[in-house]
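Novice: Start from the sequences and build out the full structure, keeping to the hints where you can.
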Amino acid sequence: MAASPALALHGVNKHFGGLSVIENVSFEVPAGARMALIGPNGAGKTTLFNLISGVFRVDAGSILLDGAAVENMPTRLRVRAGVSRSFQNIRLMPHLSVVENVMLGQHTLTKGLGPLLSPLAWQRNSRWRRLAEESLRSAGIDIDPDADVATLSYGVRKKIEVVRALMSRPRLLMLDEPAAGLNPRETAELAIFLKSMAWEGLTLLVVEHDMSFVHDLCERTIVLNFGRLIYQGPTGGVQNDEQVRAAYLGSRRVATKGAHTAA
Amino acid sequence: MSGYLSGVLAVLCINLIFAYGIFVPMAAGQINLGGAGFQAIGAYTTAWLSSVAGLQLWLTVPAAMLAAALIGCLISFLVLRTRGVYMVLATFAFGEVVAGFLLRSDFFGGAIGMVVPVHVALPLLVCCAAAVLLLTFYLMATRLGLAMRSINDDEAAAIVMGINVRAVQVTAFTVGGAFAGLSGALYAHSFNFVEAQYFNSFLSIYVLLFVLIGGAQTAWGPLVGTVFFTLLPEVLRISGSWRFVGFGVAIVLMMMLRPQGVITRAMVQRLSPRRWAPQCAGAGTWHGG
Chain E
1 MAASPALALH GVNKHFGGLS VIENVSFEVP AGARMALIGP NGAGKTTLFN LISGVFRVDA
61 GSILLDGAAV ENMPTRLRVR AGVSRSFQNI RLMPHLSVVE NVMLGQHTLT KGLGPLLSPL
121 AWQRNSRWRR LAEESLRSAG IDIDPDADVA TLSYGVRKKI EVVRALMSRP RLLMLDEPAA
181 GLNPRETAEL AIFLKSMAWE GLTLLVVEHD MSFVHDLCER TIVLNFGRLI YQGPTGGVQN
241 DEQVRAAYLG SRRVATKGAH TAA
Chain Z
264 MSGYLSGVLA VLCINLIFAY GIFVPMAAGQ INLGGAGFQA IGAYTTAWLS SVAGLQLWLT
324 VPAAMLAAAL IGCLISFLVL RTRGVYMVLA TFAFGEVVAG FLLRSDFFGG AIGMVVPVHV
384 ALPLLVCCAA AVLLLTFYLM ATRLGLAMRS INDDEAAAIV MGINVRAVQV TAFTVGGAFA
444 GLSGALYAHS FNFVEAQYFN SFLSIYVLLF VLIGGAQTAW GPLVGTVFFT LLPEVLRISG
504 SWRFVGFGVA IVLMMMLRPQ GVITRAMVQR LSPRRWAPQC AGAGTWHGG
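Those protein sequence lines, which keep their order, are chains E and Z.
Under my numbering, think of the first position of the first sequence as 1, with each following residue one higher.
Under my numbering, think of the first position of the second sequence as 264, with each following residue one higher.
Hints are computed from structural coordinates only; laboratory data are not their basis.
Among these hints, one or two may not hold up.
Claimed, not checked - Below 20 angstroms or equal to it, Euclidean Cα-Cα: the simulated SDA-like pairs (lysine to any residue) are: (1) E:K195 with E:R137; (2) E:K111 with Z:W505; (3) E:K111 with Z:L402; (4) E:K111 with Z:V271; (5) E:K195 with E:I141; (6) E:K195 with E:R220; (7) E:K195 with E:T235; (8) E:K111 with E:I90; (9) E:K195 with E:A31; (10) E:K111 with E:I141; (11) E:K111 with Z:T405; (12) E:K111 with E:R137; (13) E:K195 with E:A33; (14) E:K195 with E:G236; (15) E:K111 with E:N89; (16) E:K111 with Z:A404; (17) E:K111 with E:R169; (18) E:K111 with Z:A430; (19) E:K111 with Z:F364; (20) E:K111 with E:P94; (21) E:K111 with E:R171.
Specialist: This is how it looks when you write it as structure tokens:
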């Protein structure tokens, strides 16, 4: 029997009041794959992330992680089941230091009351702190771990958010515009870093507008438009797809033809 | 020690424990404007157990803590359904309900109040205040404390980190209730008398001010805020009735100059000796520490 995909969505629907934001979306992300999720503004990309991570509940359809249904699970249990994510706008905790932010990402690795009640901040050599500092270094973030996050550059904060998301040892990492605001060198470094993580078995689902980054990182792409899936297939085929071109360039005639998939 | 000085110290200890009862839930993003209600629960539990049931100090004080903690735990489930200003109003209403209930309850002496026979000596008060202080510092250093602070910063992001936000907030509110209850019990045993009128909304506002003006980012804030605001009226006593004006002006000035509180996390970080040691030794090398 073939292994279950890391993530599978079957007929997922979501509406806010009378507005349908996700319509009958189905796709699979194989384990270890690097998948991009693109689409024009308002296509429902972040909503889809929120549905998968459990911030919103689906109205219909199912979400499977490694073959197990999670659509009714609260967010914190989905994190324990192996889903981790970053946010479109950096959501580091402003009053926590760099290393505290990263250690926050380890929360789901702890079991029971013992680790919850041991004085983490007083143990400068605890394995949690060492792990956080090593992860920062291996991601190329050479800064004082006790620094205030507010004092750091945008690019560094963005990287810290990725490191924090990796701390829970996820099997599926969802990144919402990780390259936005990074310079070309930082973007290239991020792609190399994420590829190395994927080689170690991590599955990636990435929302991104920077198409050269998407081409560099992701072998497959899905395209959303007005909450519907209009393309899934190799990243190389995106630009030649008639529906995708219509969605981005705005030809109403082609865009309303229906949800054709080119998989 | 003079009677005056030991009296001021007793009030300082009680206020300090009370302030940490407000600080702990606030560190997890919950503003409790019903502090007097929790203190009243502690005070009246102690008063009843001491005067009517005739129990000893070592039983009445823990029982008062337990009662306030239990009610804090139960109330938190209701209060946590509200957000922001509505949470403030809900906790405020709770405080008023407790005071109103005690005022009208013959069981607890009504408007006459209750006499508390057993007196607590100053050294025990100081020990209790020190224990609460250390416990709060310990709590804020744990992963639970980290989770509390993260909820205060960004609740939605904390949920995505896998934190059980509801459980952490209920815990914080329960611990806060226990501390406020302890302060009430010690108040009852120090003044040997309780009356419902004392536990009014001004008391809730004052204790909240201790924490807000001292700073709610670290456990140092309530210490500084409480010491300052307990001792300031005593210092201003020499100016007669003008002391209330001075007190008010001090509050307004501090709110204007330091809206985030006198003590901030960044300030504690800068002054921390631990931070200086590796930085001086390993200057210029990133991996030197």
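Novice: Please go over all the hints and tell whether each is borne out by the structure.
Specialist: Do the hints match the structure? See the list:
1. E:K195 with E:R137: Holds, at about 17 angstroms.
2. E:K111 with Z:W505: violated, 57 angstroms
3. E:K111 with Z:L402: Status holds; Cα separation ~18 angstroms.
4. E:K111 with Z:V271: With a Cα-Cα distance of about 45 angstroms, the restraint between K111 of chain E and V271 of chain Z is violated, given a limit of 20 angstroms.
5. E:K195 with E:I141: Judged against 20 angstroms, a Cα distance of about 17 angstroms means the pair holds.
6. E:K195 with E:R220: holds, 14 angstroms
7. E:K195 with E:T235: Holds: K195 of chain E and T235 of chain E sit about 15 angstroms apart, inside 20 angstroms.
8. E:K111 with E:I90: violated, 28 angstroms
9. E:K195 with E:A31: This hinted pair holds, its Cα atoms lying about 14 angstroms apart.
10. E:K111 with E:I141: violated, 29 angstroms
11. E:K111 with Z:T405: Distance ~14 angstroms between K111 of chain E and T405 of chain Z Cα, so the pair holds.
12. E:K111 with E:R137: Not OK: K111 of chain E and R137 of chain E at ~26 angstroms, beyond 20 angstroms, violated.
13. E:K195 with E:A33: holds, 10 angstroms
14. E:K195 with E:G236: Judged against 20 angstroms, a Cα distance of about 18 angstroms means the pair holds.
15. E:K111 with E:N89: violated, 30 angstroms
16. E:K111 with Z:A404: holds, 18 angstroms
17. E:K111 with E:R169: holds, 14 angstroms
18. E:K111 with Z:A430: It holds: about 15 angstroms lies between the C-alpha atoms, which stays within 20 angstroms.
19. E:K111 with Z:F364: This hinted pair is violated, its Cα atoms lying about 42 angstroms apart.
20. E:K111 with E:P94: Measuring from Cα to Cα gives roughly 26 angstroms; hence the hint is violated.
21. E:K111 with E:R171: Given that 20 angstroms is the threshold and the Cα spacing comes to 19 angstroms, the pair holds.
Going down the numbered hints, you'll see the structure goes against 2, 4, 8, 10, 12, 15, 19 and 20, while the others check out.
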